[in-house]
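Student: Take the sequences, apply the hints, and build the full model.
Taken in sequence, the protein lines are chains A and Z.
In terms of the working numbering, the first sequence is numbered consecutively and its last residue is 395.
In terms of the working numbering, the second sequence is numbered consecutively and its last residue is 395.
If you are wondering where the hints come from, they were derived from the structure by calculation, not from laboratory data.
In this text, all values refer to a predicted model and were calculated from it rather than measured experimentally.
Among the hints, a few may not be true.
Note that identical chains are pooled: a pair holds if it fits in a single copy or bridges any two copies.
As the list claims (entries may be wrong) - Listed below are the simulated EDC-like cross-link pairs for lysine to aspartate or glutamate, each with C-alpha atoms no more than 20 Å apart in a straight line: (1) K252 x D172; (2) K375 x D334; (3) K375 x D293; (4) K213 x D172; (5) K227 x E336; (6) K252 x E188.
Protein chains: 2
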Amino acid sequence: MDSGEFLDILGNANRRRILQLLAERPCYVTEISDFLGVSPKAVIDHLEKLEAAGLVESRTDSKRRKYFSIARHVRLEVTVSPYEFGTKSAYPASSRLDITSCRQLSIDLEHDPEATDSSVTASEIEPDDVVSLTEALNDVEQLENELSLAQRWAQGKLTELREHLESVLDDEQSRLLADLLLALADGPSDLDALARSVGAPPAVVDELLEKLVDDGIIEEDDGTYSLVEDN
Amino acid sequence: MDSGEFLDILGNANRRRILQLLAERPCYVTEISDFLGVSPKAVIDHLEKLEAAGLVESRTDSKRRKYFSIARHVRLEVTVSPYEFGTKSAYPASSRLDITSCRQLSIDLEHDPEATDSSVTASEIEPDDVVSLTEALNDVEQLENELSLAQRWAQGKLTELREHLESVLDDEQSRLLADLLLALADGPSDLDALARSVGAPPAVVDELLEKLVDDGIIEEDDGTYSLVEDN
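Tutor: Take a look at the structure:
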């Protein structure tokens with residue numbers, strides 16, 4: 165599901181309340197309608213939208229009552245800042261994801277030392293040890309909170325560094341210059357690729373690159389630009 | 165701003181497109197209207213909502229043209245899973261935030277070794293070193309991506325462990341039992357506090373606690389319950 169579709173769905177208070185209720189327990193239409201204080205017809209409309217998006221599913225029990233429950237994991241992140249409006253939505257990565265490939269980050273779970281090992285899955289956890297499972301679960305919940313905190317920290321840091329960089333560049337085109345420098349931080353590149361990357365006309369980018377070369381911030385070698393080492 | 169208000173605002177495709185445009189550069193109404201292909205009146209309505217929420221601000225230039233730009237940082241996270249519908253919105257933490265207090269997480273930025281030190285702020289970074297600033301910025305961008313990845317991993321792991329725990333408990337009340345155990349993983353607690361924490365009647369909770377004591381999963385001492393060590 166793309167972020168826009170997800171935001172359209174979440175942009176309704178009653179749909180959010182339905183999701184909140186279903187995360188507690190599966191419910192049928194009358195229960196939801198009573199809980200929300202809205203007509204069954206309106207509830208059915210919301211459930212149809214949620215079902216179409218794949219967020220909610222239903223099953224019919226032995227008394228032929230149709231129960232609704234949350235069908236899938238989705239995670240959405242939205243960042244609004246003077247330099248960014250970013251939305252990211254994704255299904256959770258499998259637990260086989262190799263988190264150890266992260267360069268800037270390391271995770272160390274107290275009660276599940278193998279959790280950061282890419283090859284471990286839940287099936288390898290001692291199956292009958294309720295206390296260990298509870299402690300491992302508690303660790304991951306705590307990790308989630310710490311990751312949120314770290315992301316808020318990173319976002320603040322990002323703007324702080326960005327504002328600082330633009331003020332040091334001290335140019336009418338500071339914003340574009342900073343974009344160019346950030347593109348070059350990923351590795352050497354040429355004029356066309358850089359112009360595409362920052363979304364500006366090559367003629368404008370060419371002029372800015374020349375200025376950066378003159379200032380000794382980047383260097384050019386046979387049409388390839390790179391950040392100057394040990395500036 | 166609470167998450168609901170934020171989601172109401174983002175639940176409109178044109179408002180999202182306006183934020184996207186303003187994250188590129190400050191704009192005036194006619195520019196936005198031309199870019200979106202909607203009437204200036206509709207644009208003004210959206211901008212009013214965005215301004216009222218504090219997301220957008222305006223200033224008037226020397227030609228008396230009113231420019232709009234993004235006013236503030238907000239970060240929103242939404243998690244939908246069979247066990248959770250969670251929304252979190254927050255302003256970014258200050259860079260003075262002590263990320264080192266995280267127990268499960270460590271961050272190691274290549275070009276900014278002091279970034280994880282709680283006492284460092286941007287003002288202490290060598291002010292004229294454009295290349296170092298760019299590299300530090302690039303590191304934080306990469307860290308943000310890694311944190312997103314880690315959160316998706318944690319969310320998947322959480323459901324996996326939770327499903328596993330409930331299947332091991334193998335009880336009609338597995339969900340409530342798991343909630344109780346998780347509440348106890350935070351530390352010893354009594355009946356009233358546990359009932360409040362899981363949002364169930366004390367009589368029901370009392371019965372479940374008795375069952376957990378009988379199963380040797382938790383122990384009771386003078387009305388205080390705790391997980392059994394070394395289960």
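Student: Which earlier hints can't be squared with this structure?
Tutor: none
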